[in-house]
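So you can see what is in the structure, the chains are spelled out below.
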Amino acid sequence: MNRFLLPLGIFIVLVGFLAVGLRLNPREVPSPLVGKPAPDFNVPQLHDETAKFSPQEMAGKVWLLNVWASWCVSCREEHPILNEFAKSGTTPLVGLNYKDKREDGIRWLARFGNPYLLSAYDIDGRVGINYGVYGVPETYVIDKAGVIRYKQIGPVTPAILQQKIIPLVQELNK
Amino acid sequence: MSTLFATAVTLVALLLANPVLAKEAAPLAEDPAVEQRLIHISEELRCLVCQNESLAGSQAELAQDLRREVRELIKQGNSDQQVKDFLVSRYGDFVLYRPQLKPTTWLLWGGPFVLLIVGLVVLVTYLRRRSKLIIEAPLSEEDRKRAEVLLKGEQS
Numbered sequence: 023m024n025r026f027l028l029p030l031g032i033f034i035v036l037v038g039f040l041a042v043g044l045r046l047n048p049r050e051v052p053s054p055l056v057g058k059p060a061p062d063f064n065v066p067q068l069h070d071e072t073a074k075f076s077p078q079e080m081a082g083k084v085w086l087l088n089v090w091a092s093w094c095v096s097c098r099e100e101h102p103i104l105n106e107f108a109k110s111g112t113t114p115l116v117g118l119n120y121k122d123k124r125e126d127g128i129r130w131l132a133r134f135g136n137p138y139l140l141s142a143y144d145i146d147g148r149v150g151i152n153y154g155v156y157g158v159p160e161t162y163v164i165d166k167a168g169v170i171r172y173k174q175i176g177p178v179t180p181a182i183l184q185q186k187i188i189p190l191v192q193e194l195n196k
Numbered sequence: 038m039s040t041l042f043a044t045a046v047t048l049v050a051l052l053l054a055n056p057v058l059a060k061e062a063a064p065l066a067e068d069p070a071v072e073q074r075l076i077h078i079s080e081e082l083r084c085l086v087c088q089n090e091s092l093a094g095s096q097a098e099l100a101q102d103l104r105r106e107v108r109e110l111i112k113q114g115n116s117d118q119q120v121k122d123f124l125v126s127r128y129g130d131f132v133l134y135r136p137q138l139k140p141t142t143w144l145l146w147g148g149p150f151v152l153l154i155v156g157l158v159v160l161v162t163y164l165r166r167r168s169k170l171i172i173e174a175p176l177s178e179e180d181r182k183r184a185e186v187l188l189k190g191e192q193s
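Order-wise, the sequence lines are chains A and B. Residue numbers for the first sequence follow our numbering, so the first one is 23 and each next one is one higher. Residue numbers for the second sequence follow our numbering, so the first one is 38 and each next one is one higher.
Simulated from the structure, these hints should not be mistaken for lab results. Keep in mind that a hint or two might mislead.
Claimed, not checked - Non-contacting residues of chain A with respect to chain B, defined by C-beta distances greater than 12 Å in every case (computed):
(1) 49
(2) 73
(3) 77
(4) 79
(5) 92
(6) 106
(7) 152
(8) 158
(9) 192
To be verified - Capping the alpha-carbon separation at 20 Å, the derived lysine to any residue pairs in SDA-like fashion look like this:
(10) A/121 with B/142
(11) B/139 with A/51
(12) A/121 with B/121
(13) B/139 with B/129
(14) B/121 with A/148
(15) A/121 with B/98
(16) A/123 with A/70
Claimed, not checked - To be clear about the criterion: a stretch of chain B counts as covered by chain A if any three or more of its residues have a C-beta under 8 Å from a C-beta of chain A, and this derived list gives those stretches:
(17) 79-89
(18) 122-135
(19) 142-148
Glycine is no exception: its CB is placed at the ideal position from the N, C-alpha and C atoms.
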């Protein structure tokens with residue numbers, strides 16, 4: 023009996039590892055940018071070509087940066103949640119319109135509602151690369167000192183908003 | 038007759054003109070050396086959109102953008118390591134197919150060797166313990182004779 027105990031133990035440990043491994047999402051790659059200053063940029067705004075936006079303008083505020091595009095299907099799924107969030111007035115939400123046609127982006131917001139304070143316009147995806155964007159939508163929580171505190175890859179769900187983002191924003195605002 | 042002649046002339050002219058119209062295939066990029074290095078570097082990098090494809094082989098839009106970015110970094114005179122650092126600082130170690138050697142990856146790199154050593158130790162102790170269990174059983178004179186009889190019996 024005893025001689026089966028060790029192989030059985032190893033087998034159970036292995037099954038445990040595999041079970042955990044199956045539940046992990048391989049798409050969620052931990053971002054090395056969490057805990058680092060948000061990369062700076064200075065790009066035109068979506069609605070106003072002549073006006074620019076830089077994250078420095080948000081210094082001293084806790085804010086969210088949401089990467090979106092009119093061609094992105096999951097963004098549409100996420101959008102009502104962002105609209106709701108913007109109405110609550112918890113914290114400013116800035117959009118980063120990623121690799122989109124200007125008129126498409128503007129039309130999309132007109133149709134589905136605009137939760138953003140403003141949207142920066144990243145036509146060639148360079149800002150996205152600096153933020154390590156690889157799957158739109160992505161959302162960053164940036165603190166008063168301009169440090170990225172959290173990154174959400176993929177759509178923001180009500181659960182993530184209530185359990186992670188809002189508590190974090192409240193804590194950072196203290 | 039004249040139409041036939043004209044047709045013939047046109048045909049000959051076309052045949053002659055064709056090689057002149059044919060062009061060399063356009064090079065893939067202005068600078069083949071840069072392209073060579075781009076491929077060399079990006080084969081070692083993972084495309085984050087289609088995770089089992091390299092950055093060199095992927096046709097995902099992000100991969101194309103990243104190749105453009107890498108191309109520019111090469112043109113600016115960055116070393117291969119600097120290009121990789123650029124991507125790692127944005128997308129994390131996951132972009133590297135060949136993980137860096139550092140405290141968090143020691144187990145990854147050393148694990149197989151640790152397992153090999155553990156296996157060898159287990160094997161050696163098992164064999165030693167087993168060799169102790171073997172009891173010499175020499176053939177007695179009586180047994181030998183019996184065996185010889187049996188062997189002879191077989192032959193006949």
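Outcome, coverage of the stretch 122-135 of chain B by chain A - at least 3 residues whose beta-carbon is closer than 8 Å to one in that chain: Coverage by chain A holds here, the residue count being 7 at a Cβ distance below 8 Å.
Satisfaction of hint between residue 142 of chain B and residue 121 of chain A, Cα-Cα up to 20 Å: 35 Å, violated
12 Å cut-off, C-beta based - residue 106 of chain A kept clear of every residue in chain B: 29 Å, holds
Nearest-CB test (12 Å) between chain B and residue 79 of chain A: Correct as stated: the minimum Cβ-Cβ distance to chain B is 23 Å, above 12 Å.
Reported absence of residue 158 of chain A from the contact zone with chain B (all CB gaps over 12 Å): Residue 158 of chain A not clear of chain B: closest Cβ-Cβ about 10 Å, inside 12 Å.
Closest CB of chain B to the CB of residue 192 of chain A still more than 12 Å away: For residue 192 of chain A, whose nearest Cβ neighbour in chain B is about 28 Å away, the distance exceeds 12 Å, so it holds.
Distance restraint between residue 139 of chain B and residue 129 of chain B, which requires alpha-carbon spacing of 20 Å or less: Holds, because 14 Å separates the two Cα atoms, which is no more than 20 Å.
Pair hint residue 139 of chain B and residue 51 of chain A, alpha-carbon separation not exceeding 20 Å: 19 Å, holds
Given pair status - residue 121 of chain B, residue 121 of chain A, alpha carbons within 20 Å: Not OK: residue 121 of chain A and residue 121 of chain B at ~24 Å, beyond 20 Å, violated.
Claimed clearance of chain B by residue 92 of chain A, with the beta carbon kept past 12 Å: Answer for residue 92 of chain A: holds, closest chain B Cβ roughly 15 Å.
Consistency of the no-contact label for residue 73 of chain A, given chain B and a CB cut of 12 Å: Consistent with the label, residue 73 of chain A stays out of reach of chain B, its closest Cβ about 25 Å off (over 12 Å).
Residue 121 of chain B paired with residue 148 of chain A [C-alpha distance capped at 20 Å]: 17 Å, holds
The structure fails hints 1, 7, 8, 10, 12, 19 (numbered hints given earlier, in ascending order).
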